[in-house]
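*Asks:* First to last, the sequence lines map onto chains E, S and P. With the numbering used here as the guide, the letters of the first sequence map in order to residues 1 to 638. With the numbering used here as the guide, the letters of the second sequence map in order to residues 1 to 254. With the numbering used here as the guide, the letters of the third sequence map in order to residues 1 to 262.
FYI, nobody ran anything at the bench for these hints, they're computed from the structure. Here the structure is a predicted model, which is why all the values come from computation and not from measurement. Backbone N, C-alpha and C fix where the C-beta goes; we use that ideal spot for every residue, glycine too. Hints may be right or wrong, so weigh each one.
As the list claims (entries may be wrong) - Some chain S residues judged to face chain E by a derived CB distance under 10 Å, without partners named:
hint, residue
1, P29
2, L34
3, C58
4, K122
5, Q125
6, I130
7, S131
8, P138
9, D139
10, A140
11, A156
12, I160
13, K181
14, L187
Stated by the list, open to error - Away from chain S, derived, C-beta distances all over 12 Å, residues of chain E:
hint, residue
15, G90
16, V93
17, R216
18, R292
19, R303
20, P467
21, T519
22, L575
23, F611
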Amino acid sequence: MILDSKIPEGPLVEKWKNHIAHGKLVNPANKRKYEIIIVGSGLAGASAAATLGELGYNVKCFSFHDSPRRAHSIAAQGGINAAKNYQNDGDSVYRLFYDTIKGGDYRSREANVYRLAEVSENIIDQCAAQGVPFAREYGGTLSNRSFGGAQVSRTFYARGQTGQQLLLGAYSSLSRQIGLGTVEMFCNQEMLELVIVDGEAKGIITRNVNTGEVQRHSAHAVVLGTGGYGNVFNLSTYARNSNATAAWRAYRKGATFANPCYTQIHPTCIPVSGDYQSKLTLMSESLRNDGRIWAPKKVGDKRQPNEIPEDERDYYLERKYPSFGNLAPRDISSRAAKEACDEGRGVGETGLGVYLDFSDAIERLGEDTIRERYGNLFDIYKEITNESAYETPMRIYPAVHYTMGGLWVDYNLMSNLPGLFVMGEANFSDHGANRLGASALMQGLADGYFVLPYTIPHYLADVPRDPAPSIDLPEFLEAENEVKERTNKLLTNNGTQSVKSFHKRLGEIMWDHCGMSRTKEGLEKAIELIPQLRAEFWKDVRVPGEGKELNQALEQAGRVIDFMELGELMCRDALAREESCGGHFRSEHQHPDGEARRDDEKFAHVAAWEFKGESEMPERHVEPLIYEETKFTTRSYK
Amino acid sequence: MNVKLRVWRQKNNDTEGSFADYEAKDLNPNMSFLEMLDVVNEDLTNSGGDPIAFAHDCREGICGTCSCMIDGKAHGPETGVATCQTYMRSFKDGDTITVEPFKAAAFPIIKDLVSDRQAFDKIQQAGGFISVRTGAAPDANAIPIGKDVADLAMDAASCIGCGACVAACKNSSAMLFVAAKAGQLNLLPQGQPEKDSRVLNMVASMDEAGFGNCTNQYECSAACPKLISEEFISKLNRDYMVASVKTLFKAKAL
Amino acid sequence: MNILHVLFKTSIGKKVVMAVTGLILVGFVIGHLVGNLQIFLPPDKINAYAHFLQGLGGALWIVRLVLLVTLVLHVYVSIQLVLENRAARGGEFYADQKTLKASYASRTMKYSGPIVFFFILYHLLHFTVRADFAGAVVPETTLADGTHVHDIHSMMVLAFQNIWVSLAYIVSIGLLSLHLSHGFSSLFQSIGLRTRAWSDFLSKVAVVVSILYFLGNVAIPVGVLSGAVKVQNPDVKLAPTCAAGCEICPLATALAANQSEN
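Take these sequences, add in the hints, and give me the full structure.
*Replies:* So this is what it looks like as structure tokens:
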């Protein structure tokens, strides 16, 4: 299989403009003849549905939530990047592009990233016009904050709820289109299968989670905006219901899955407090501006933090990375915390945590200043842990936060399956091996508002203007039967172990062997363990309840099956990628000082995996990454 | 710690519901309320029972999915938090905790503790937006918005759409929700052109959905996990009457 | 859009009707109280005031009509609201719903309202109808300028000398005051004039106004019962149809009581 990225010709800065100027179009009168299915209603899904509906296409948007507004984009806190240069601090499209390429550890496509930086400005304009209440200066202009990986202030924000506000903005546009009748919204509908007709994506099979009804839906094109797959790890900062099923079903129908091993692990999350834990909560990275991270020097030191004298504390980030200190990038800080805990120097009941200590800052700046800067975060911390970070250091530990990998797409966001488009976190395209803070919101909205609406006509223009395929075609019936059979099998399995217990065990395998640092042995072990777990699942899982009503265990069971398969693919990808880059760290590939060692000769490429059958090895395809504009450099934060 | 639970079980909106008693044992006070329900559900699953359906997703208080009436208070005993941010340390060892879904005629029960809040979406579709074509927006700094206005709009915009306002209201009124959504847009300069039609349409949709009337008791605001002020309801009332009167006298284009 | 539709068919419109009619009624009851407090002045004052009001003729009827329509609207819309609210609840109530912020007054509006309404009916029959249509039983007197008028002063004193009548008034006025303590601040919310900037102040004003209103009204029966206010018309005597010691109607009993004292 040849993965043609279809990057337009011409110099980098001209590519997108040329592509728009010379691309195919669908005549306004013909747009309504095309039906488009959009799965997901997060930033990417909602913005795309609203925009395509507004353009005149017949859009059907699906979400398993009870409302499009519940998508997990809503939980993003920090902000959204845009190269507006409102701060007059030297920002530009090129600089945002460059920072993103470098932040992605040279594993993303130049042309895609440049386009992302270009449209970033339009996103802010669009959102402001929708009434998104961005933070403002007293004079009424937009305010910015700085974020990791950049030397300019380009992050727009709405308190600590930027994702919420942007999603509600997109949701309001979507609501308007639903009201106008250009978009038909299907809530409580989970996509469980993709339908391929003559080699092209032409429909989906959904299950109404409230009634159990399985439905067939057809269209001229299918767009997935279904988010990332971090819940493979069970414990993550993802919402409990975030899942990879839509993407995974597409993979099983022939769409290739690119770079599944790239996972972002955020260093400052509240540690797991017990076996019952369902979810990890992020504490903003900004805390590291004033907090000092340390672990006890002594192994197994169980004293209270305040009883540990200064000379028995190891401020390991300051020690290892004197120039960046506590502000070392996410991947590096996360790994350092894990090392300290692996050495037995972790703190808290579980030993999986390090301290983030504000006592110096409080002494230096006063408690009031700290309260003013981080009060809301300290409140969240107190709410969850019942500890006051003003009095005792916070305990933090890294947690899975984002997945850079996803379904492979070309420059037009179309997967290798014609008619199947993928946006936002669900695709792989823009963040390379590591995503910078405040870039996820940017990408989701860029894809939905400003990229897909321009690129989808390239495909549709060649699709006959006939009605969408009949849902009575054998392909639809077959796909529907697959769904029904799978559901039935789960409900009648009558085993003894809960779905949740399997998810937990999968998460443990993944975290231990495919987490922050990976080894050949560990990955091989995981590749051995996961199929065993899967076999055990099918043998012994117990899914209570019925199929004709709301059955959350059943929903979860379907998702966990897919997580198990995807987890294995992640391990295979991690095993094959014999280098360390961004969110993928192989212990074998590090510099003597413990820093990641990239191998640009052998691995400056996208690895896209093709499904070959249930018991077959998936095939690894390669799309080389060609850097015309930027030069490979090694990231150093010493 | 151990607690006893009285949980509302209802197969669907067409059947009668009733309370069922469960025991949750060996709980860690640092567990969230939903994690406690997870544990109860695991036990139910392992013992061949039917797990309790409850709505949840992000578990960090922002998606607005979770919606339990805990001991007669929407989202539980604490103030300004959603159900998912309620922790077991808010209860005492040995407590009996009553858990019910959010109830209202406009929120039919789907199952157990899950109710259907799609009426909110309908209200949004009637007018909870600013009509702007994608790509047609002026530069974001072209329209300055004073910080005080932006901050006030943000207060309204922090609504998570959970429906606690409706659940807590003795009249099942959705005024706080509508007031927050319309208020945010009506405060901003971008929202001015559609200000009148927005309130008229959203209120009409709210009435049509069968929500009750506001009796100015402000239970909604007290139960709101984001503590959105009832001041926005006052603003909605004002905007609505101004819009109604203006519509009477305004000259209309042919 | 039809304004009548807005006012009577939409949730906010109905609240505005409640607020505006409520405001009119609040204005009326306060004015009424001020008028009644003249009972503490020499009888001629209140008798002249009553005579003045009765002499307004058509204007009085217009005012009465306005008040009647206001009251009817207030009651009619409130019944609508209560029924709608009940329907909105869907018949489902929680096992034990907590009250977080709602005042006692606000929670009892639908009980204090109807009781006050029946009190108003009783009150109208008791005084207004009697003074207007059954003049025969109301004592008469002559003002300083020689005008022959109804002796409203004596009528009130005689009425309140009955402890049961006084108690009924005190309880009803108490409920009305409670009703006002929510209604007075609530109406500002309904017409969109209550903001965070002054909502606390407004709530306090409402409570103070209600307490003053209550005290002012209670002062009248208390004044009468304590003997501070007495019938001062020497001509007051039993109405021809009444017999001393008759307990069928309160007025007659009071007349009898008053006479025996004199």
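*Asks:* Determine for every hint whether it applies to the structure shown.
*Replies:* Taking the hints in turn, this is what the structure says about them:
Interface hint status for P29 of chain S: upheld, as the beta-carbon distance to the closest one in chain E is roughly 8 Å, under 10 Å. Taking 10 Å as the C-beta cut-off, the interface hint given for L34 of chain S holds, the closest approach to chain E being about 7 Å. For C58 of chain S, the suggested interface contact is upheld, since its CB lies about 4 Å from the closest CB of chain E, less than 10 Å. With its C-beta approaching chain E no nearer than about 9 Å, K122 of chain S sits inside the 10 Å limit, and its interface hint holds.
Interface hint status for Q125 of chain S: upheld, as the beta-carbon distance to the closest one in chain E is roughly 4 Å, under 10 Å. The closest approach between the C-beta of I130 of chain S and any C-beta of chain E is roughly 5 Å, which is under the 10 Å cut-off, so the hint is satisfied. Taking 10 Å as the C-beta cut-off, the interface hint given for S131 of chain S holds, the closest approach to chain E being about 6 Å. The beta carbon of P138 of chain S comes within 7 Å of a beta carbon in chain E, closer than 10 Å, and the hint placing it at the interface holds.
Interface hint at D139 of chain S: satisfied, since its Cβ lies 6 Å from the closest Cβ of chain E, which is below the 10 Å cut-off. Hint status for A140 of chain S: holds, given a least beta-carbon distance of 4 Å to chain E, under 10 Å. Checking A156 of chain S against chain E: minimum C-beta separation of about 8 Å stays under 10 Å; hint holds. At its closest, the beta carbon of I160 of chain S sits 8 Å from a beta carbon of chain E; the interface hint therefore holds under the 10 Å criterion.
Restraint check, K181 of chain S versus chain E: the minimum CB separation of about 9 Å is within 10 Å; hint holds. Nearest Cβ of chain E to the Cβ of L187 of chain S: about 9 Å, under the 10 Å cut. The hint holds. No beta-carbon of chain S comes within 12 Å of the beta-carbon of G90 of chain E; the shortest separation is about 18 Å. Every CB of chain S lies more than 12 Å from the CB of V93 of chain E, the least distance being 15 Å, so the non-interface label holds.
Interface exclusion of R216 of chain E from chain S stands, the closest Cβ pair being 23 Å apart, more than 12 Å. Interface exclusion of R292 of chain E from chain S stands, the closest Cβ pair being 25 Å apart, more than 12 Å. Once the 12 Å rule is applied to beta carbons, R303 of chain E is consistent with being away from chain S; the minimum gap is 21 Å. Look at P467 of chain E: its CB is around 27 Å from the nearest CB on chain S, clear of 12 Å, so calling it non-interface holds up.
Even its closest Cβ contact with chain S, about 32 Å, leaves T519 of chain E beyond 12 Å, as expected for a residue assigned away from the interface. Every CB of chain S is more than 12 Å from the CB of L575 of chain E (nearest about 32 Å), matching its label as outside the interface. Every beta carbon of chain S lies more than 12 Å from that of F611 of chain E, the smallest distance being close to 29 Å; the non-interface claim holds.
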